[in-house]
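*Asks:* Please put together the full structure from these sequences, using the hints given.
Okay, so the sequence shown: first residue is 2 according to my numbering, each after it adds one.
Treat the hints loosely; a few may be bogus.
Said to hold, decoys possible - Distance windows between CB atoms, simulated:
hint : residue 1 : residue 2 : range
1    : Asp-398   : Arg-432   : 42 to 48 Å
2    : Pro-111   : Trp-394   : 34 to 40 Å
3    : Glu-367   : Asp-68    : 36 to 42 Å
4    : Pro-63    : Ala-381   : 25 to 31 Å
5    : Lys-71    : Asp-308   : 28 to 34 Å
6    : Pro-63    : Gly-259   : 34 to 40 Å
7    : Ala-488   : Ala-449   : 15 to 21 Å
8    : Arg-413   : Thr-132   : 33 to 39 Å
9    : Asp-398   : Asp-156   : 22 to 28 Å
10   : Arg-172   : Arg-385   : 47 to 53 Å
In short, the hints are calculated from the structure, not lab data.
Even for Gly, the Cβ is constructed at its ideal location relative to N, Cα and C.
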Amino acid sequence: MSTPTSEYLSGLAIPTPPRRAGRPRRDPRIEQLAGTILAFEALSQGLMDYAGDTQNPRPVRPRSLYDLKKWIADYFPYANYRVAFPDTTLYFAFCSNKVKLPLDQAVPVPREDLWWLAAPNDMLLVSDRLTHHYTSVWYVDDDAGRIHLLDPWPDRIFLKKGLNAAGVEARVESVTSDARHKRISITREEFLRVTVGLLTRDTPELLENYLAAHSDARERFEVRLAFGLALMDAEQYVLARFAAVHLEAALRLAEAAGEAERAQDAAARLHVALVSAIHHQRWSKDDLAPRPFQDALRHLTARYGEDRLLAGAWLRELCGLGNAAGLSGAHDEALRFLEAAVSRFPDEEEPYRLRAKVRMSLGDHEGALDDATRALALNAAGIRALEARRDSWHPDDRFSREDDQARIGGLRNRRFDELDMRAAALIALRRLVDARAAAGELMAHAPASSDGYAKLASIEHLLGNDAAAASHLREARGREQNPRQRALIDAMLASLQAPPAVAPSAEAPGAGSEVHP
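*Replies:* Given below as structure tokens:
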């Protein structure tokens with residue numbers, strides 16, 4: 002049977018993945034993406050340098066399953082095309098339950114279940130306890146009891162006979178007539194000997210399929226809590242309603258076992274999911290949509306108390322709650338969450354940035370100015386620290402440097418937001434001299450953006466310099482990419498350039514006083 006994956010790979014003579022007894026096929030769009038990436042990886046074999054070939058080989062910087070998951074989700078080029086996939090698509094990290102990883106980083110499952118989970122284009126972490134390596138799953142053949150992998154260096158992968166301490170003897174086979182394109186395969190038994198974990202892209206349906214196939218997992222606290230944490234870690238509010246189901250199950254299991262500490266932890270996580278789900282459902286404009294989550298939240302807070310629940314929330318959870326409430330227009334509630342974040346994490350940038358946004362919405366321009374200024378100081382310190390770490394890596398450690406550079410880029414984007422808010426607050430407070438300097442900082446930080454010029458136009462208009470304001474607006478229009486924003490700038494320009502209106506008068510034309518808009 003032809004699949005989207007096989008269609009993409011047909012030119013490489015890659016066989017159609019056989020029907021599996023294990024994990025069901027994913028959404029066709031995800032399968033198609035997986036096939037595209039696998040085709041690219043097959044064509045790219047041998048084009049990447051092998052670290053061991055450098056003049057002075059050094060140990061590769063360790064990268065955990067969670068580190069790699071976050072890197073792929075944040076920086077992988079396909080992240081820009083998320084809209085082409087189900088809005089509930091995310092990356093999951095699973096690990097062997099023999100490996101001690103925090104539950105908010107990977108879902109612990111029996112090693113045998115990793116075989117059931119493995120799907121095309123999954124990232125597989127294999128190890129013989131001496132060498133650790135990531136490679137890509139091509140397909141799993143249950144009938145033959147073999148898993149086929151694509152690797153950048155198939156001829157020297159440590160899974161080959163004599164190159165590992167686990168007794169694995171991987172086969173290497175040609176993919177096409179081009180000898181560079183090769184696959185490797187290992188037996189199911191060898192897979193279970195060396196597999197540590199995997200990363201996969203799917204929807205929450207994967208978790209339901211897993212529980213249906215492994216019913217004992219429904220009553221394992223670690224699995225249900227890790228499922229909920231994985232869904233919330235994706236930072237997509239649409240997933241909160243799915244996370245709540247698993248977190249509620251984890252709470253029930255902890256309470257039934259009389260494990261008070263675990264129950265408190267699960268309750269804190271469930272509180273975040275329920276509040277996030279309520280605000281996401283409010284965006285739907287369906288008055289009844291939030292009701293089930295509101296009822297569950299009311300019962301939860303009656304048992305555990307909101308203050309205790311918030312006291313157990315992590316920084317990213319408090320910021321997520323504040324952002325969710327702000328997006329749904331519940332600014333007072335957003336302010337409460339963010340004030341808790343600022344109080345508990347006074348040296349973190351994000352709570353100040355988000356609270357500045359809320360304060361601007363509430364008309365508290367002095368407070369917004371203070372928060373934006375504090376956020377900018379923390380942002381600058383964060384950039385300096387990352388730049389120092391980026392420059393400290395080994396010259397050949399390209400991935401570590403690029404990773405830090407991407408994080409610096411994220412902080413610079415955040416800085417733009419903070420500079421913009423600071424200038425807007427100063428304009429609202431009519432501190433126009435300071436506002437002009439702030440707009441200049443914004444322009445220097447992002448010269449290709451229209452925002453700094455638009456701010457200058459507002460300042461000049463308030464000062465009565467409409468000719469200068471129009472000039473700045475024209476500069477802004479030339480930089481603006483958004484059609485709606487360009488239309489708004491055009492309207493402002495038309496307003497500035499319109500002839501002055503003449504007040505009604507019984508006197509002769511021209512004798513009346515002028516009224517400016």
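*Asks:* State for each hint whether it applies.
*Replies:* Hints and how they fare:
1. Asp-398 to Arg-432: 42 to 48 Å: 46 Å, holds
2. Pro-111 to Trp-394: 34 to 40 Å: 37 Å, holds
3. Glu-367 to Asp-68: 36 to 42 Å: Roughly 40 Å apart at Cβ, these two residues keep to the hinted range, so it holds.
4. Pro-63 to Ala-381: 25 to 31 Å: Between Pro-63 and Ala-381, where Cβ atoms are some 29 Å apart, the hint holds.
5. Lys-71 to Asp-308: 28 to 34 Å: Cβ of Lys-71 to Cβ of Asp-308: about 31 Å, so the range 28 to 34 Å holds.
6. Pro-63 to Gly-259: 34 to 40 Å: 38 Å, holds
7. Ala-488 to Ala-449: 15 to 21 Å: 20 Å, holds
8. Arg-413 to Thr-132: 33 to 39 Å: 37 Å, holds
9. Asp-398 to Asp-156: 22 to 28 Å: 24 Å, holds
10. Arg-172 to Arg-385: 47 to 53 Å: 50 Å, holds
The structure is consistent with each of the numbered hints, conforming to all of them.
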